[in-house]
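Engineer: Sequence:
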Amino acid sequence: MLPLWQFLLRLLVASFLILQALGQNSNQTFNWKFRTDFLSQKVPSCFNFPIIVFPNPKNATAGNYSGTPPYRMMAFPEGRQPIVSPIGNDNDTLSWTPQHPIGTKLILQVVDSLGNTGGTSGSIFEVVPNSDATNCDIPSPPSDFTISSNTTQDESGTLETCQPWRLNINGGQPPYTVVLDARNSPVITNITVPSTDDAVVFINRADPNTVLFASVIDSMGRWANGTQFVSTHGSTDVSCIGFGTITTTQQELDQQDAARKAAQNSKRRTSIIVGVVVSLVLLLLIAGAAGTWLYVRKKKRTTRHEEAVLDVTPRQFVESGSAGQVLSINNFMDSSVITPSPGKASFISPDSHGLPYVVEPYTSETLSDDTSTRFSSGMTSQSPSSGANLQSRPSFASFPARSVRRSKAQEAAQDRISESNPTTLTRNSVPSGSSGQPMWPARSGSLQGTGGDELIYQHRDAGQVVRELPPPYIAPPDAAESSTAEGTERRT
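Going letter by letter, the sequence shown gives residues -23 to -1, 1 to 469 in mature numbering (1 follows the signal peptide of the UniProt record, and there is no 0).
If you are wondering where the hints come from, they were derived from the structure by calculation, not from laboratory data. Some hints here could point you the wrong way.
[Claimed, not checked] Calculated cross-link-like contacts (lysine-lysine; reagent style BS3-like; alpha-carbon spacing at most 27 Å):
no. : residue 1 : residue 2
1   : K10       : K82
2   : K82       : K19
3   : K10       : K35
[Claimed, not checked] Quick list of simulated restraints, FRET-style, between CB atoms:
no. : residue 1 : residue 2 : range
4   : T187      : N242      : 17 to 23 Å
5   : L262      : K238      : 21 to 27 Å
6   : G99       : P32       : 57 to 63 Å
7   : K10       : K238      : 44 to 50 Å
Note that the coordinates shown come from a computational prediction; the quantities given were computed from them, not determined experimentally. Don't be surprised by glycine CBs; every beta carbon is placed ideally from N, CA and C.
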C-alpha cells in the first residue's frame, strides 16, 4: 500500500496531465476491461482490481494502438467528488482500487497520457463494504468547491435531446473545465469556462436512454464535489441545429429565468382573463338566445290561444251606416223603483224618457202565443224563477238581447209592440208586496225551456253559439222617441 503522500503526489501529477488533455474532447482509441472478466456491479471498497487495455476493433486506423501510458482511472460518482487514480504504465500490472464511500454509485473511464479514452464502462457500479480491507484511506471531498444543476439528483431527473442543462459552479479557482461523460459513451466532452463566468448551459447531445455525468475541475487540479447526473431521453438526432452550449454567469441566468417566469405568469393571467370574459359572453349570448326563443314561443302560443278562444267580450257596436248614438247601460242603471202592471212585468228604461216599446216578461202563454212578435222585436224569453232571483240584483241579463238601432226594420217591430202591448210602467209605480226594488225581467240560464222551445240569439260578433248574452249598450231615449214618432207619422 502506497503512503498517503505518494498517493497525493501521483494524484496531483495525474490531475495536471488531465488538465492538458481536457483542452479538447477525448475520443475512444482503445478499450479496457477488468482482467478477471468481473461481471458484478458491486465493487468492494479498497479492493485491488487488475485492469488490461487492448486495441479498439472499431478503430481501423489505430491498428494495434492500445493507448500511450501512463494510464489513469477516472471515477465519476453520483453527487460526489470524482477521483482520478493512476493505474500504472505496464499493461501487465495495471490495477484500480475503489476509494469512494460505501454506497456510492459511479461510472469508470480509462484515459492515457494523451487524453485518449478507452471508453466508459457499460455499467454503473456501486461501492460495497469490504471485510478484508485493513488500510484504505478515503479522501474527504471539498466543501468550498461544488457543482450543481437545475435537475433533481434522485435518479428521477431527465433530460430530453437538445434540451438545455444548466450547470452552476461555486468556489474553486477559475478558469474551470467542465467534464461530461455518459455511460457507454466513446467520448468525453470537455467545456472550458472563462474566468469571468461561473455557469454553463449545455445543449444535450448525448445518446438517449443513458446516464450523463457532469463534473468540474479548477485551475489547481481539484475536482468539485457534487457531480451531477441525469437520465437522457428523446430523439437519436443530436444535431440540435440552432442550439449551442454557452458559458455565462449565474446572475444573468437568474435574471433571464425571472423575466421568463414573469412573462409566463402574465400570459397565463391574460389567458385566464380572456377565457373568463369569453365564457361570460358566451353564457350571456346563450341565455339571451334562450330567453328570446322562450319569449317568441310563449307569444306565439298566446296568439294561437287568443285566436282559438271565442271573442265574447262586450264592446260598443255601431252598425255601418247608422246615425244613432250608443250610450253605455251605466247611464240607465238607477236604484229608482219601477212598477209593473198587474199580471205582467214589463221593463222600461229608468230614465225620465220612457222606452218606445214594452218588454213583456216570460210566461208560458206568451211563449206559445207571441213568439214571432217577441222575436222580431228583439226580446228574449224570460224565466219566472230566474226573474224572481234578479228582483234584488239588476244585471245585464235584464236588458233586451239586441241593441236598439235606428233602422227601418226595427221601427216596424217597435210599432207592433206598442199596438199589441200598450201597457207601460211608470217610474214611481210599485206593486203591492214589493220591497221597493225594481222587477227586472230575467232570462233562463238553462238549455231546457219550461214553456216551449228555447230561443237562442246569436250576436254578430259571437262564435259558434252564445246563449242569452246581454248587449253591452242601448240606444239613448231621444233616439227611441224619435223613432216612435216617425213610426206614428207613417201609420197616420
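Engineer: Look at each hint and say if it fits the structure.
Structural biologist: Evaluation of the provided hints:
1. The hinted pair formed by K10 and K82 meets the criterion: a straight-line CA distance of about 18 Å does not exceed 27 Å.
2. A C-alpha spacing of about 9 Å is found between K82 and K19, which places the hinted pair at or below 27 Å, so the restraint holds.
3. Of the pairs offered as hints, the one joining K10 and K35 holds, with about 16 Å between alpha carbons and a cut-off of 27 Å not exceeded.
4. Checked against the hint of 17 to 23 Å, the C-beta distance between T187 and N242 comes to roughly 35 Å, which is inconsistent with it.
5. For L262 paired with K238, a C-beta distance near 36 Å fails the hint of 21 to 27 Å.
6. Under the hint 57 to 63 Å, the C-beta atoms of G99 and P32, about 18 Å apart, miss the expected range.
7. For K10 paired with K238, a C-beta distance near 48 Å keeps the hint of 44 to 50 Å intact.
Hint compliance for this structure: hints 4, 5, 6 are not met, and every other hint is.
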